[in-house]
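K.L.:
Mapping to the working numbering: the sequence shown position 3 is 14, numbers consecutive.
Because the hints were derived from the structure by calculation, they are not lab data.
Among the hints, a few may not be true.
What the hints assert, rightly or not - Pairwise CB distance ranges, derived in the manner of DEER restraints:
# : residue 1 : residue 2 : range
1 : S75       : R200      : 35 to 45 Å
2 : A208      : S75       : 30 to 40 Å
3 : S281      : L219      : 32 to 42 Å
4 : V398      : N333      : 15 to 25 Å
5 : L212      : D131      : 27 to 37 Å
We put the CB at the ideal spot given by N, CA and C, even for glycine.
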Amino acid sequence: MSDAPVHHKKTPAAAAPGGPPDGVARRGLSRPAAFASIAAVFVLFMAASSAPSPLYVIYQHEWSFSATTLTTVFAVYVVGMIAALLVLGALSDHVGRRPVLASAVVLEAVAMALFIVADDVSILLTARLVQGVATGAAMTALGATLVDLNPPHAPHRAGVISGAAPPFGLGLGALGCGILAQYGPHPTRLVYELLLAGLVLAGLIIALLPETAQRRPGAVRSLTPRLGVAPRLRADLIALVPILVASWAIGGLYLSLGPSVAANLFGLSSHVIGGLVVTLLCGPAAITAFALRGWPTQRTLTLAATLLLLGTAVGLAGVEANSLTMAAFGTAIAGVGFGGSGLASFGTLARIAEPAERGELFAVAFVISYLAFSIPAVVAGFATTNVGLHETSVVYSAAVIAFSALALVAQRLRTGRAGNAGRCAQPAGAQT
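Take the sequences, apply the hints, and build the full model.
P.N.:
In structure tokens, the structure reads:
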């Protein structure tokens, strides 16, 4: 690396607000351009992660596998991601953001190449596993880099992007892939070729990125799998667990089985519809993360939990009544709750963590989120094979409703704790 230490010593008081840490050189892209570029790379990774969702129906038809196999393909991605979060989650706090991000981009490119040549389930599983490792390595480093580069005049921005990028990328990837699969040539290859080209551009961005993290000892020790949260942060994180579980569990349902629900319960076989199912959840989520960025954290979390509960209930009623309009309306309502949850949850984490704690804290939050994203979806896949898609959708939706209700209780208890009122009144996307 060509990053050289700064030879004159600055005191912390003399450092510019939002500037690089002492001993970290400025290089390449300006800070505003770097922030925007990292946000775009974040969206790219999330779009790539949802791109296979509309194609699962095609793979299932061509290779004749069950719903259990389908959700296993979905889950192996999350296994790779969680393994990477556990092992690599704090690495960028020690070696810098750029080496971790560059390695993640290379791995993601390998996954895209495997998708392009996939002709059976084994290669598809391998591609998803490699993609999961790449995404897990990237996500905490991307989140921490956004906080590092956050402009001082807009203290909420990193939290907003961290909350909005996942649902926006998921929705974009699913819908874009659905359109390409329906109207473009080579439906199981074209989207991955385009994503591979995007990753080449992402590699160039990383090469020009200014390093934002001070190198510090302990890189090898940080690779020991562990989930550690500083004692002062634990109460805030625990209070966020129910809403993280509720919001990401419903995301897992839509990304793994959503297109199948549309095809089998409502008779909608278009690949565009398969992508639109995911976008109906993720599109409102991304818009909400921007629209509510100035709201107080507590109000945002309460609204998010309420709408997750209400939207899931309306969507379930639509399935029971065989009403596509009602199911779509419920999905959009739940999407608003999904977006509010991401905004307030990750905005809170960005605000309460010190720079040296960010990678590890984000890793813990992402592990919780993606366990909720994957385990219920895998269970749903087995249940669909054994008891049917309709019954599985009912039970899954009821579980999301229960966790949404628990989230409302958790936030009420959190705001009732002595001395916590001041923090909860801050904007949902704010950070210190």
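K.L.:
Can the suggested window of 35 to 45 Å be confirmed for the beta-carbon pair S75 and R200?
P.N.:
Hint violated: Cβ distance 20 Å, outside 35 to 45 Å.
K.L.:
If you check the beta carbons of S281 and L219, does the distance land in 32 to 42 Å?
P.N.:
holds (40 Å)
K.L.:
Quick one: are L212 and D131 within 27 to 37 Å, going by C-beta?
P.N.:
Because 30 Å falls inside the window, the suggested range holds.
K.L.:
Cβ-Cβ distance between A208 and S75: within 30 to 40 Å?
P.N.:
Once the Cβ atoms are compared, 32 Å apart, the range 30 to 40 Å for S75 and A208 holds.
K.L.:
Honestly, do V398 and N333 meet the 15 to 25 Å range at C-beta?
P.N.:
holds (19 Å)
The structure fails to meet hint 1 from the earlier list, while all remaining hints are met.
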